[in-house]
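Peer 1: Below are the chains, spelled out letter by letter.
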Amino acid sequence: MSLTRTVFLTEIVKGLALTLRKMFSRPVTVQYPEEKKPLAPGFRGRHALVRDPHTGRERCIGCLRCAKVCPSRCIYIETERDPETRRMVVKRYEIEVLRCVFCGYCEEVCPVNALVLTEFYEYAGESREEVYFDKEKLLQNWDEFIMSQRRPYLNPYWKPRGIPETRLPVFKRKAEGV
Amino acid sequence: MAPKVEIVQRQFGHPEWEEPFVVNMGPQHPSTHGVLRLYLELDGESVVRCDPRIGYLHRGLEKLSENLTYTQAMVLTDRLDYISSAANNVGYCLAVEKLMGLEVPRRARLLRTIVCEMARISSHLLWLATHALDIGAMTVFLYCFRDREWLLDIYEKICGARLTVSYARVGGVRLDFTQEIVDELYRFTEEFPGRITDYETLIDINRIWLKRTKGIAVVPPEKALNMGLTGPSLRGSGIPYDVRKFKPYDAYDEVEFEVPVGKNGDTYDRYRVRMEELRQANRIIRQCLDKLPETEGEPVIAEGAPDLLMPEKKKVPEAAPHPKRGFLIKGAEVPVVPPGEVYVSIEAPKGELGYYIVSDGSGKPWRVRVRAPSFVHISAIPEMIKGHMVADIIAVIGTLDVVLGECDR
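Residue numbers (numbering that gives the first Met the number 0), protein chains in the order written: chain A, 0 to 177; chain B, 0 to 408.
In case anyone wonders, no lab produced these hints; they're calculated from the structure.
Note that the coordinates shown come from a computational prediction; the quantities given were computed from them, not determined experimentally.
Warning: the hint list may mix true and false statements.
What the hints assert, rightly or not - Selected chain B positions facing chain A (Cβ under 10 Å, derived; list incomplete):
(1) A72
(2) L75
(3) D77
(4) E148
(5) D152
(6) K156
(7) R161
(8) V172
(9) T177
(10) G296
(11) V299
(12) E302
(13) A304
(14) D306
As the list claims (entries may be wrong) - Label pairs and their calculated CB-CB ranges:
(15) B:E199 - A:T5: 14 to 22 Å
(16) A:P26 - B:G227: 42 to 50 Å
(17) B:G227 - A:F170: 45 to 53 Å
(18) B:P19 - A:Y122: 47 to 55 Å
(19) A:K13 - B:Q27: 30 to 38 Å
(20) B:R58 - A:V88: 32 to 40 Å
(21) B:T177 - A:Y122: 22 to 30 Å
(22) A:M87 - B:E332: 21 to 29 Å
Every residue gets a Cβ at the ideal spot worked out from N, C-alpha and C, and that includes glycine.
Chain A on its own, in the form it takes in the complex:
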């Protein structure tokens, strides 16, 4: 370091000039609870079971694919056959959110687009029961979420971009928004 630099603190003055310049630029800070950043479509947040607009019930057919693909095994499903209509009915559909790793595999493998990780992340609870979602809570999550969305809503993972259609089940191929 030369003498003039040592005496006149050139590099420090340069740094200070830079920080001074930044004082007049637009701040990047987001005042979180008051203002929120917009979330990207397909953000993997709180789980929800899609309520079918035609039947008013859940879309899930109880095929157990989501429970099988889940790496943390946090989805519990119980099905039974309705004795009158001979149709499969989902009796119990529960997600233990504390174990979930939010990989989004479940919504990707679901053949009828019944499950979705919604663009909502403020659901911290004070007890374990609050973040243990059963079927009613999951459907309620969907109702809360879809109110704030523009219809028709189509999650990117329901029909992943760039995946050839031959790889997708028929329902997913012609999937349109809810």
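Fit chain B to the given chain A structure using the hints.
Peer 2: Same frame as chain A, now just chain B:
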């Protein structure tokens, strides 16, 4: 240059022998980047002996993978080096693909290269931020996090997660880019070189920075090789070893980039190497983006890639050799992942990240072993720290860029 302290380790029985002063640094120390615990024996303020005690973040990741299918185990690799999870995913998927003999489409390879380099930039930015903060430069920390936030936002647009992305999958990637993401990345690559210049203005010739980094933890090239350093820590010593150049994977053979090397092998040189790598990573992203339109409309997943819900066996329509009788039978079932073993290494931001996978043909890996750069780098800390002061330990931990999630696995 920091003054070298001559250490006289007095032997037991020596008239001047006294109990060494023992200090436990960590596991809660903010400068140990996680939960690294260093057992230090001090003589005044200089370090006589340093002994890293690791394992506070052990989650049994390798053992966990043995009970999961190959696609499920990929999710665990996010949690290895949680700062650059996209690079870990790609390494794991490359290993499984090599085992299966899959050919990944070009578009998927380009996309993977882009996310790998994004991971490198975001990892190096976090490294620079915390390293500078530890040494005493607050402003760099804030500027780096501002730019890292931008990259994380792009990640969120790509795949919906910011840190644990799970973007790659066996045979390709999970989602294609949209035009919006490509435009955003173009904007980023336009602006980022100017941001690097900003960081350099602040600390490159700053006298405090120079005094804290020049001549600290000097590693000669031979010693660096012997200690098993890889990545920027090795290149800082002047050895141009880079897996991207020596054994190109994904689209690295299509792009032009330089491998920056240092001269003296001290902390300052490793800092310079990483800063140069930021520029090169930016260049690689730019080149890949330019090549993307050529592959417009291609699928992002290979032809024979397994489903996410990975079956154990798959039916082959044509004849396959029978395991016992030796002749061909029709409509046989073959394992999705054939038995065998494979080792694939990639250039992760921290160094050479290797995956060794043994398959026995049952849809789950029989053994997964991760060669984590941070684990090797931590073993080099006692050697590098010799003859330095306590304050320099912070600089040494910072310069090696260790992440304990990867070290303890």
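Peer 1: Output the numbers, in ascending order, of every earlier hint that fails for this structure.
Peer 2: As far as the earlier hints go, not one is violated by this structure.
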